[in-house]
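Protein chains in written order, with our numbering: chain A, 1 to 264; chain B, 1 to 251; chain C, 1 to 583.
Hints are not guaranteed to be accurate.
What the hints assert, rightly or not - List of simulated lysine to aspartate or glutamate pairs, EDC-like, C-alpha gap at most 20 Å:
#: 1; chain 1: A; residue 1: LYS149; chain 2: C; residue 2: ASP167
#: 2; chain 1: C; residue 1: LYS253; chain 2: A; residue 2: ASP159
#: 3; chain 1: C; residue 1: LYS253; chain 2: A; residue 2: GLU116
#: 4; chain 1: A; residue 1: LYS220; chain 2: A; residue 2: GLU249
#: 5; chain 1: C; residue 1: LYS253; chain 2: A; residue 2: ASP151
#: 6; chain 1: A; residue 1: LYS256; chain 2: A; residue 2: ASP151
The set of hints was computed from the structure by calculation and includes no laboratory data.
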Amino acid sequence: MSAALRVTLLLVLIGCVYLFLAQPYWFPAGASAQSSLFDHQFWIALWVLGGMFVAGHLVLAFVLSKKPRAAAIASRGSWQLEVTWTLAIVAIFFWFNISGERLWSSMMLHQQQAGEIQIEVTGAQFQWYFRYPGPDGVFGRTDAQKFAKADEGNPLGLDPSDPAGRDDVVTTAMIVPVGHLVQMRLRAQDVVHSLYIPAMRFKQDTVPGMAILSHFTPTKTGVYEIACAELCGIGHYRMRAVVRVVSEEEFARWLKAQVKNTSE
Amino acid sequence: MPIIGDRVEIERKPKLGGGGPGKIGHRRGYGGGDDGDHGRPGDFRSREQRMRRYRIGMTLCIISVTAIFVLLTVVYVVRMGNGRFDQDTRRWVYDWIPLRLPYLQLWANSLLLLLSSATLELARRSMARKEEFAAMGILPPRMKRDLPWLGITVLLGFCFLAGQVLVWNNLRHQGVFLASNPSRSLFYILTGTHAVHLVGGLFALLYAAAGRLLEARFESQSIVVEVTGWYWHYLGFLWFGIFALVHFAKG
Amino acid sequence: MQMPSPNSILHEQAGFLRRHVFNTDHKVIGRQYFFLSLAAVLVGAWLSLLMRIHLVWPKAAIPFLGEIKPENYLAQLTMHGTLMVFFVLSTVPQAGFGTFFLPLQLGASKMAFPRLTAAGFWTALVSFLVLIAAFFVPGGAAGAGWTQYPPLSALASAGPGEGLGTDLWLVSIGLFCLASLMSAVGFVATTVRYRAPGMTWMRMPLTCWAWFVTSILILLAFSILLVALAMLMMDRHAGTSFFVPGGLLVSGKAVEHSGGSALLWQHLFWFFGHPEVYIAILPAMGVTSHLLSVFARKPVFGYKAMVGATLAIGALGFMVWGHHMFASGMNPYAGFAFSSLTTAIAVPSAIKTFNWVATLYGGRICYATPLLFSAGFVSLFITGGLTGPLLAQPALDVYLHDTYFVVAHFHLIMAMASLFAIFSATYFWFPKMFGRMMNERLGRLHFWITLLGAYATFMPMHLLGIAGHPRRYSDLTGVQYVSAMAPLQRFITLAAIVTIAGQVIFLVNLFWSMRRGPGADANPWQCSTLEWTLPSPAPAEGFGGRQPLVHHGPYEYGLLGAVEKDFVMQDAPATWSDNGPSE
């Protein structure tokens, strides 16, 4: 029984390690400035914690060995050992914890950049809306309860009396120019949603009643999927959208065309 | 056949072990534990033991109730200070409407609750006295100034509750409804939760008072009265805490 | 001498009502909790099976239910989580085994407030029935997940399960809070007042320590949940706005609330919810510490460090709730604080793991089923625990939050690890509870299937999470990169079906052994704690008039150097000193 248990533990160990080395499914290729930092941090995590996982199971398999023994080694413990492994684990865990703080700051603390793109993201059951302020750079007032009519092309409830809102562009796909900081204001119209762009290593809940500022910088052109990551009702699984990262010129062209459409 | 061999490594001075092997002789005799419990082994029915047990139970209840009110207080204070930046109008919005309290009524209720605490203490003392006589097998003599304190406490408790209902009615007539503003909701929920807990205390006191009619043992009654007393005084303290909160933190 | 308690005389000829309903015998209540949890775990496992099948064969028609629609799926996942977290993981290790064995291990014949303990069970039962009833109301059971984030859970218009189903959910969990509070008061009072003479704090078995600390967590955490539930209920029906902000537009209709904060609920819920995780795992840790010592025939390594770690986990458990909310839009600086505190709580957990391994080291290990499951617990605890520091790091957590990575993490550490402790406790204490032994051969078979099944089911989920698969998706076709993960999902479903099918072996073993198993001796495992001084099954009168006098610590194994009887009962005469037997 002892041998069987040890063999099983080792099999489990090998299986798990194989899964993480073979990586049949893994991160999508990163496409934002923070994705390489994130991937690096994740590798640190994988090596540190994966190493502890392997070591832990090897030790466990070792102590479960059944050498013929007349009696157990009757040790009640040792403060030296307790202190040693406590300090060791404190050192490892806190070093690891602190190693990730800089990434967290770069992700969360407000950043500014010349030429940044302003987008307001609104989650509604079960659709994402993206709003660009237009040439005036100012978002118009909205009041979803008064003016929102999705079937009349005003899902966010733009106030028609506000001139700042006339040139606002509302889309269901996020179009951003490559290399520019995308400054987002995240809102929700009904329940909590979560804007999840795996390729950008980006996730932020959108909470009704709050306007959360967040940002990322796309570095590769292409089309990337957006999913909703906070349970928001029966259509949660299909609350999908895309980010289209395009060249600067294409973005300018697209925005111009949109503004023209909107003001007509 | 015991094998005592060189494999056995017994630490002579276990520092980490659970209690270690038997230490000969218990410093407190076998009277138990390390909590100064000197009763006969197995004697869980003595008054002393029951009283301690119920006190612990009541302490635990009070801890739980404290958690509830600390939480509500935190919610109150945080909600009061929380404005939100309205992106559309580009202004900070403070939607907390300060409370206007009917102070006269509240002070009257406070007085009632204070009095009830005092009468409950008198009830406890009178019961303890009677219990001493009962333990000696003597019918307790009728004391001159021995009013039915327990009954009076229950009555005062009901008066307090009625007073609270009047406060709520008064506020409703002023158009201050549960749903009209967070400050209102939290005022109602604070005072309402307090009232619900007070009703619990009233039931316990009624149970003790009914015990007198049912000729139950003095012992059980006096334990109920004493332990409920803790709870009752605590609720009085809590009431003044709530009062202070809604007075000083109006927003 | 005391007379035998009237309870024991009456018990045999007492009627059904007296024996099962108005009963205050903690052993009966413990068994009742055990069967309540068994019912809950069967329903919960059935729901998980339905969900797994629906995910990979969405068109499959389930007998009697037909095709599963998204709202059914959400109701199933909510009820699965609720049943498993509340009625299984917080019920059987604590209220089930605890109610049965806490007094016995302390040398008491009953709980401190027997009627309160009994009332706790009946409240829990009513709560369970109310929860199950939600399946049969219009709109079905609640569908906002066991975390019930408002505004989804606060507005009946937000989804089909958000009507009566959610009301019933709130009532049920409110009742469950009351039940847990009643039970916990009895636990703490019993531990403080009913320890037998000589049973000092440092001679309590680690199971008792775990039950004691867990009870204190329950007293604080469940009263807070109770308030939060009441507030949510008022938001739903009294027009208040604690959790619902203004200006919402749900299903095309304006919502009248204004001024609430959706994050407030998350704070309140997780302030309860994180201690709840430890409410589920601490008793499991206690059981594992206890059993490893028994089956390795060694004292627990570092008893005092274990007690200290238990207390540290209990205290820190209240300071880490924010790590569930890194992606919620709370202040990033709060993220720093919660991240460090969460890393701090990983330390006592690691200390416990080290001590378990050290307890096993050099032991004369007896590979009985309870030990196998305890070793499985340690393995799963390491595996599931090590993703903890990873998720405690906000930068990494944000990406993995609400993906299958988190599902894998908490299923391994909270669900599977606790479940392994529950299984080992069942195999271990079965003789004391039912007077018979469980079948070893079936027990081992059950262990192999469950261990491999648990890893096969939950390990691949990490990869799904890494690849960005959000959780709580009722369908894989909505998002393209998610639908690409269908093959792995299919593998997980197959593994889950095998694992759940393997539990039939346990059920057969359990019910067969209850009636036909070989009769058990008083002390079949050669344990030193006080419950084993009683005959099996534990008699109704407990220790009767005799109260044990405790002279020894709880884990005096392998110290005499003897092979036949290598342990010292806790109530053995105090003639045995530091220098060995004095005869």
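**Message:** Hint check: LYS253(C) vs ASP151(A), CA-CA at most 20 Å. Holds or violated?
**Reply:** This hinted pair holds, its Cα atoms lying about 14 Å apart.
**Prompt:** Is the Cα-Cα distance between LYS220(A) and GLU249(A) 20 Å or less?
**Reply:** Judged against 20 Å, a Cα distance of about 15 Å means the pair holds.
**Prompt:** Is the straight-line distance between the alpha-carbon of LYS253(C) and that of ASP159(A) 20 Å or less?
**Reply:** Answer holds: LYS253(C) to ASP159(A) is near 17 Å, not above 20 Å.
**Message:** Does GLU116(A) sit within 20 Å of LYS253(C), going by the straight-line distance between their CA atoms?
**Reply:** Roughly 35 Å between the alpha carbons, so the hint for LYS253(C) and GLU116(A) is violated.
**Message:** Just to be careful, I want the Cα atoms of LYS256(A) and ASP151(A) compared with a cutoff of 20 Å; is the pair within it?
**Reply:** Not satisfied, since the Cα-Cα distance of roughly 24 Å exceeds 20 Å.
**Request:** Decide if the proposed pair is consistent with the structure: LYS149(A) and ASP167(C), CA atoms, cutoff 20 Å inclusive.
**Result:** With Cα atoms ~31 Å apart, LYS149(A) and ASP167(C) exceed 20 Å; violated.
Comparing the model with each numbered hint stated earlier shows that hints 1, 3, 6 do not hold.
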